[in-house]
Each structure stands twice: as C-alpha cells, then as structure tokens.
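Chemist: In case you want the letters, here they are:
There are 2 protein chains.
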Amino acid sequence: MSLICVGSIAYDAIETPFGKRERVVGGSAVYVAYAAANFVKPVNLVSIIGNDFDREEIKALEAKGVSFEGVERVKDKKSFFWSGRYHLDMNTRDTLVTDLNVLADFNPVIPDSFQDSEFLMLGNLHPATQISVIRQMKIRPRMIAMDTMNYWISSAIEDLKLVLGMVDLLMVNDAEARELTGDYSLVKAARKIMIMGPKFLIIKKGEHGALLFHGNEVFFAPALPLEDVFDPTGAGDTFAGGFMGHLAHTKDISFENLKTAIIVGSAMASFCVEKFGPERLKEISKPEIDDRIRQFIDLVNFDISLV
Amino acid sequence: MSLICVGSIAYDAIETPFGKRERVVGGSAVYVAYAAANFVKPVNLVSIIGNDFDREEIKALEAKGVSFEGVERVKDKKSFFWSGRYHLDMNTRDTLVTDLNVLADFNPVIPDSFQDSEFLMLGNLHPATQISVIRQMKIRPRMIAMDTMNYWISSAIEDLKLVLGMVDLLMVNDAEARELTGDYSLVKAARKIMIMGPKFLIIKKGEHGALLFHGNEVFFAPALPLEDVFDPTGAGDTFAGGFMGHLAHTKDISFENLKTAIIVGSAMASFCVEKFGPERLKEISKPEIDDRIRQFIDLVNFDISLV
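Line by line, the protein sequences give chains A and B.
For the first sequence, the working numbering begins at -18 and goes up steadily by one.
For the second sequence, the working numbering begins at -18 and goes up steadily by one.
Hints are not guaranteed to be accurate.
For identical chains, the list gives no copy identity; a pair is met inside one copy or between any two copies.
Stated by the list, open to error - As a list, the in silico DSSO-like pairs of lysine-lysine whose alpha-carbon atoms are at most 30 Å apart: (1) K1 to K173; (2) K1 to K267; (3) K169 to K142; (4) K240 to K186.
Simulated from the structure, these hints should not be mistaken for lab results.
Treat the numbers as computed from the prediction; the structure is a model and nothing was measured.
All chains, full assembly: derive it from the sequences and hints.
Modeler: Below is the structure:
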C-alpha cells in the first residue's frame, strides 16, 4: 500500500513579483513526497542527489515518512539546479538556468524493499527512464501514473508513445495535451491521448483547475480562488502527490475515488503556492488539509432540482 | 414576476475558423431574451432597431414569449451592426466594424406595462443609459443586474461608479474585473467591486467557467468541456439570460439559488456556442436543457468524506 515516487530532487532559485530565494529545495520528487506523505507512509523516493545536498532536508523528509533508500548520492557532483523568474501574471515564467549535474546520469534503481508498492508515480523525466522503472517492477503496480513535458513531446516522441502504452494515467497541462495531439479542443485531445494508452487522463489548467477524463466520463475540479499566489513552483507536482497519496491510502482506483483524489490534490496545490518552494508544505497539518477540502466542497457544491 | 431586459439588438457579421455568416441577428438583448424565455414569460425587451430589421426575427422572438412593446423602431436609420473575426483559439477576436446606427440615439423608455417587473437585466450600454432605466422604475426591482465592458471603464468611469452603487449584481469578465480595480487577483478585485455597490458579483472566465462572489462566500461553476466551440458570440449574454431567467422564474434571490442560476446560465451558454449567432438557441427544447444541466451535475459532483 505504499507509493513509489520517481523524479528529480533539486535546488531552485526562484524569483516572483513577491520576492526571491537564491537556494530552496525543489524538484518534482520533493513536492510529490511532501504532499503524498500526508496520506500514505512510506513514500518511497527514487531519485539522485549531489554532494551539496543538505542532510537537514533529508531528515525533514524522513521525519514525514519518506524513505531515501532509493535515492543515489553522487560524491563528486552537484545536485540538479534550476532557476526561474515568474512574470507579473504568475502564469508564465522564464527559465534562467538549468544545470542537470547529477540528473544527467540518472539511472533509477528500484530497491527490493520497494517492490511491493502498488502505486507508482513517474515524475517528469526522459520517457526511456520512465520505461526502465516500469520494467524493474516485478509485479505491475495497480496504478502507474506519469507526468511529462513539452520537451519530451518534441525530442523523444517515440519513447514517449512507448511509455504511454504502459501506464494507467497521464498528467499533463493543457498546452502539453494540445502539443501531443495537435488538437486545440481538450475534449478531442483527451480522446486521442486515451487511445495512446492511459485509460485515465488529467489535464491540469493551473489557476483554472483540472479535468479528469476516463472513457466518456469527465470530471472538473477548480483551483481555489486565492488572494495571492506567492510562488507557483511545484504546484503541479504537489497536486500529483496529493492525488496519488489519496489513492495509495484508500487503495481504491474507481473513477469516483479518482474524483475525490483530484480534490485532495487541488487542496494540496493550493497550499503549495502560498509560500516559496515547499516551505508551506513542510508545516502543513491534517486539520488544515481537512479545512481546505471543505472550502472546495463549498466552492462547487450546489443543489439543483430538475422539474 | 417578469423580466425586463435592456440592451442592443443588432445584425452581426461573424467569421470563425469554422466558417462565416454575413448577416445574423445579434446584440445582447437578443441573446438574453432567447435564453431567459425558456424560464420566464414575458421577457420584456427594451431596445432600438432600424428600418432594416427583419419582421420574421421579431415574430420568432415573440413566439418564444418576448414582448417588443419596449423596442423603438426608427424609420430612417439602420440597425446596429457589428462585425468580428475570431482567432484560432476562439478566445480572442478582432472587431472589424462597429456601426452604431440607431444605437447612437438610444434613450430607452420603460413602458407602463413593464413597471411590475421584479427583475431587471441591464445589458452592456453607456452607464448613463443604465442609470436612466433604473430611475424610470417606479418600484425598485428586487434584483437589478448589469453588464459593462472595458470601453466604459476607461471612458465613463464616473457614471459607471454611479450605476454600480444602484445595482445588486455586476457581471463582468476577468479582464474587466482586473481593469476596474487594478488588481490581478480576482479575489481582491471582487472585494473592491463589492465595496463599490453590488452585493453580488459574477466574474465570467469564458471557457474557464464563472465565479460568484457574495460577502465572504464564493462559488465556482465550470464551463462544459466541448468538442468544438463553433462561435462564442453572445455566450456571455446567453449566460446572463439563463441566470436571470432562472431567478425570475423561481423569485428566489438567495445565494443558494444564485448558485443554481449560474449552473442554468452556464448550460445555456454551452448551447449558444454550438452554432452561429443565436441559431442553436432558437431551436432548443426543455428536455435538452435538463439533460445539459445533468451533465453539469456529473461534471462537478463528487462525494468526499472527511475522517
């Protein structure tokens, strides 16, 4: 009933209209782990770090129930580093620096002790790396979910198509769904993507919420309207962590429960953007999460009677 | 229990990626009336037309329960004409022609027979014109709702502030809410707008749905994900018509019922975009509307239990 989470661990430098941080822990695996650990333990991390990675950050994650057994530490290299600057609307950003460092040699190895995990989240990595992880699993997990990005759509489409045929669920943003299919209509794009393999598809629309597709069914969850978005970095990965954490906790992969998982993921993402990097996620409590989920219920709940 | 709807009646020339129409009936009042007439009769139209306006279009609206008693016909001038071309994403458009014609002299007069109307929808017009209508009402309607646009925000802000202090509800799109307040955050913008007067605020986000604000409460309704948006012209006015039509029909202006009205409005708007101009609205049936509302329930309904 545990969750494996494969992805990057990084240091980020982030600049938003509200301020800047020169060095904050980041990477998809960190956000997924912080969010998921509120719902399921252990969260089995598979990633790679350099000699510069702070021991205190590892301890903080381990204290939340995150296992570092699958995280390789490279002695003579630095951790993955990313730097970005957000525009005033907070919806667009410029990437200033991408130093792959250790990530350039990332060949994830799944420890034996992780083999009983029934839920697998493949963060945004080269599709060939994602395939290698799936092939290492001796028993196929009940739910394999993956993220990807426009870079792999344009540079590794054949590998991407291969891995899409191996997973249960794809999470992408609206621009990626459009680029992957050539369709502007997300309904049409969704149909094409599900033919490529995944029977579930989540299209993330940032501040405009998220859509879940499955066969002919569709579900929509809004993002919480917030006074301020302080730093959107990691919001999508935090969403994925809350989503997969809820599924791994409940062990229920019905469409109905995936809808609930989307609400949980949206609630977690709404915390993420309130402070820089994963700062807000580090301090979050169960009552706060429950309260936030109640706000989502109030936000969309209506009672209509058709005569 | 009837509804007064003040706004433009026009001929439009529309070009979308799916085709073009040289001359199709349009204007805010026409869309509001076609949508509202499914829920309340009569819909009391207050508008102005030229000598070129087709008698058959009037008959079609009258057959739906729309009264033309408040529509002035000018013998020696043409009807308002608007022409626009939509971009590929269907979210942005260029206005090619705006011939005000009769609309330049529009001084709406509320007929005595309309005086008992408890619901008043003020379409997008000069704020001074909106004020003149409100002042003509001998008994203040229970719900006065208004639309506006960026043009009046920049060219008639003093009159706009005056009318905002006289109405119960403002409907604007996200860009207009931001322009009116200078706040990018819609939550902050909403708070400022409600201080200006209206106790209810609807912020329309097009394909991204609509938000309803009232005091500290907020409700969100998505737009229905559609395979194709054929022509977005009039979708916002159709939303307003379904919304006000439901309120006038139920005579209930509680926050709970406004939520339902937003769903009804969203359902009506989802029909509007399926064909050119108001073509789809002309042919719509009650069972189709009920079925569409059921799709909205399925789209957002989830069942979550907090432990």
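Chemist: What hints, given by number in increasing order, does this structure fail?
Modeler: Hints that this structure does not satisfy do not exist here, as all of them hold.
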